[in-house]
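Asks: One letter stands for each residue in the lines below.
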Amino acid sequence: MFDITTFAQLFVAGLAMGSVYALVALNFALLYKAVGILNFAVGESVMVPAFVGVILLTVLKLPFLPAYVITLGVMVIFGVIFQRTIFHQLRERTFLSILVTTIGASLFLRNTALLTFGADPRVSPNLFTVKSVNFLGVFVPPQYLLIIVTLVFLVIFQYLLFEKTLLGKKMQATAQDRDMARLLGIPVDKIILITFIYAALLGGIAGILLAPVFYVTSDMGFSIALKAFASSIAGGLGSIPGAIVGGLFIGVVELFCAAYISATYKDVFAFIILIAVLLLRPRGFFGEKVAEKV
Amino acid sequence: MPLEKTLRIPSYLAAALLLVALPLLIRSNYWIGTVNLAIIYSIAVLGLNIILGLTGQLNIAQAAFWGIGAYTAALLNTRLGWPFWATFLAAPPMAAVFGVLLGFPTLRLSDRYLAMATIGFGIIINLILQNWRGLTGGVDGIPGITSPVLGPFKFSTNASFYYLALVLLVLVAMAQIKIKNSRMGRAFQAIKGNELAAELSGVNTFKYRVIAFALCSAYGGMAGQLFAHRTKYVSADVFFIDMSILFICMLMIGGTGSVAGSIIGASLLTFVPEWLRFLQGPWAMAIFGLAIILIMIFMPAGLAGLAQSIGSKLAGRPEPEAQPGFRAPTSGNMGAAKRNK
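Sequence lines, in order, name chains A and B.
Per numbering that gives the first Met the number 0, the very first residue in the first sequence carries number 0; after that it's consecutive.
Per numbering that gives the first Met the number 0, the very first residue in the second sequence carries number 0; after that it's consecutive.
By construction, these hints were calculated from the structure, which means they are not laboratory data.
Just so you know, not all the hints are guaranteed correct.
Okay, derived cross-link-like pairs now, DMTMM-like style, lysine to aspartate or glutamate, Cα gap no bigger than 25 Å in a straight line [what the hints assert, rightly or not]:
hint, chain 1, residue 1, chain 2, residue 2
1, A, Lys265, B, Glu198
2, A, Lys265, B, Asp139
3, A, Lys168, A, Asp178
This structure is a prediction, so every number in the text was calculated from the model and none was measured.
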């Protein structure tokens, strides 16, 4: 009963979901690489913009463009606050204490959102009027295609940013060795702030893209973040290409496993992959290029 | 004899008397039930203290070990008719076996991988508990767990269960103080201080990390077994990752590394939401989240560390070294995790 159309449809849907995981994993990997923290509040940087977007679109009835621009603006502020209140205060502390603090931040943001917006899931209006488009003979919702295209665009953008601009070089230098970067005259604190803002914007884009195809709830970010953690381990913790490949891989495998093995255990597969990777190849597909700093 | 020492024995006696008389003082059945819950959480948090407080590794799956203990007890009790004391001997080792199974592969890696692996493990266990209907009853859970019986005495009321739980808590707390000051405890603390230095000083860091992890999960399993026999019913929804995070909050607020802090933190986070009725559910969780952030920033040694520094100020002694809750890093931003494997 294998059906090639179903297979292709699952594949595209998996890629779309995987692209969201990849975006979040990218965010996670970026902060790990740049400042050496595991940010467990990464999911909330998807949930917050999803809520902001939905409120602007449905309650204030703004058109799409201004709503999305304002949402991204809010995320810039979010990034600044996050960096100032958490990372900057704890920058001399251990890895573990920052990790626990981000868990606290996640708990705080999730429950504050629950108190503010209630437990009923919200539905974002869809940018596209058509339900599905014919893409190479497979019918897929256009939002899925938008998500995949955006990911491709962001990957190219990030490559150009890091490899071709001075700002990107400074960000890389800061990530590799903060003290050395400082000696070279790079304004390290400012660069770290910019990195946090960039990460928050990535979360903002993920939230905006996800809102129309996912129920917007206070827990949405957390459940996606857990999959993104699995993705970044699968791809290799701290590896940018690893985050993307890992995210796509988890997205596709998860949907296939749900369809062909067990729908009940859909959410288990990502974590089985996580544990299997840790057992067999702890450095993931791509490994950690930057050695842990001593 | 210094005043402090003269007062020590009477104050211990007073504390013991107070604890024994507690059910008579409280009288409300509901509140004694809450005290029992606080004791159970304290045991789980004491377990977490071994791995996080003493050894400096993060376990975000303590609720899963708690759940494994609870389900082990529930299944053995309801299916095979094992009494409390038999499940008491079975549940902690069962949780420890899972702890070692998880710990063995991941403890070789640095602590960040362990954090991720425990998250994944906790979620897998929770989903299995929820969905494996044949074994765990799925969302319906397992009802009909019996109360502990000792000779002619049945611990079926909250007040009688309290004494049983209290004795167990005192025993595991004393055991932990013993562990802390033993060769093994010093090895744990050496790993936390600087793993590489510990290894170079001849500490078999891998062995001790596995032992710490096994102990942590065994404490969790024990708390789960008590929980199952206290509520007489288990269902998967309580053993979720949020509970693991709550255990971490309890430890952080009480003070990592401190036995008293673990118990104070667990009791406080059990009682505060009960006292302040409006502080239920999401309110409590949001405030706990905020509390973690503020505590990590302003008092990383928790309440126990705060009490200690106030105590030494009053006694006119120099401040103790910053409690090893979270050690200041030696250099760079990676702190304790310097091993690159």
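Asks: For every hint, state whether the structure bears it out.
Replies: How the hints compare with the structure:
Pair hint Lys265 of chain A plus Glu198 of chain B does not hold up; C-alpha atoms about 41 Å apart against a cutoff of 25 Å. A hinted pair counts as satisfied when its Cα atoms are at most 25 Å apart, and Lys265 of chain A with Asp139 of chain B qualifies at roughly 20 Å. At most 25 Å may separate the alpha-carbon atoms for a hinted pair to count; Lys168 of chain A and Asp178 of chain A meet this at roughly 15 Å.
Of the numbered hints stated above, the single one contradicted by the structure is hint 1.
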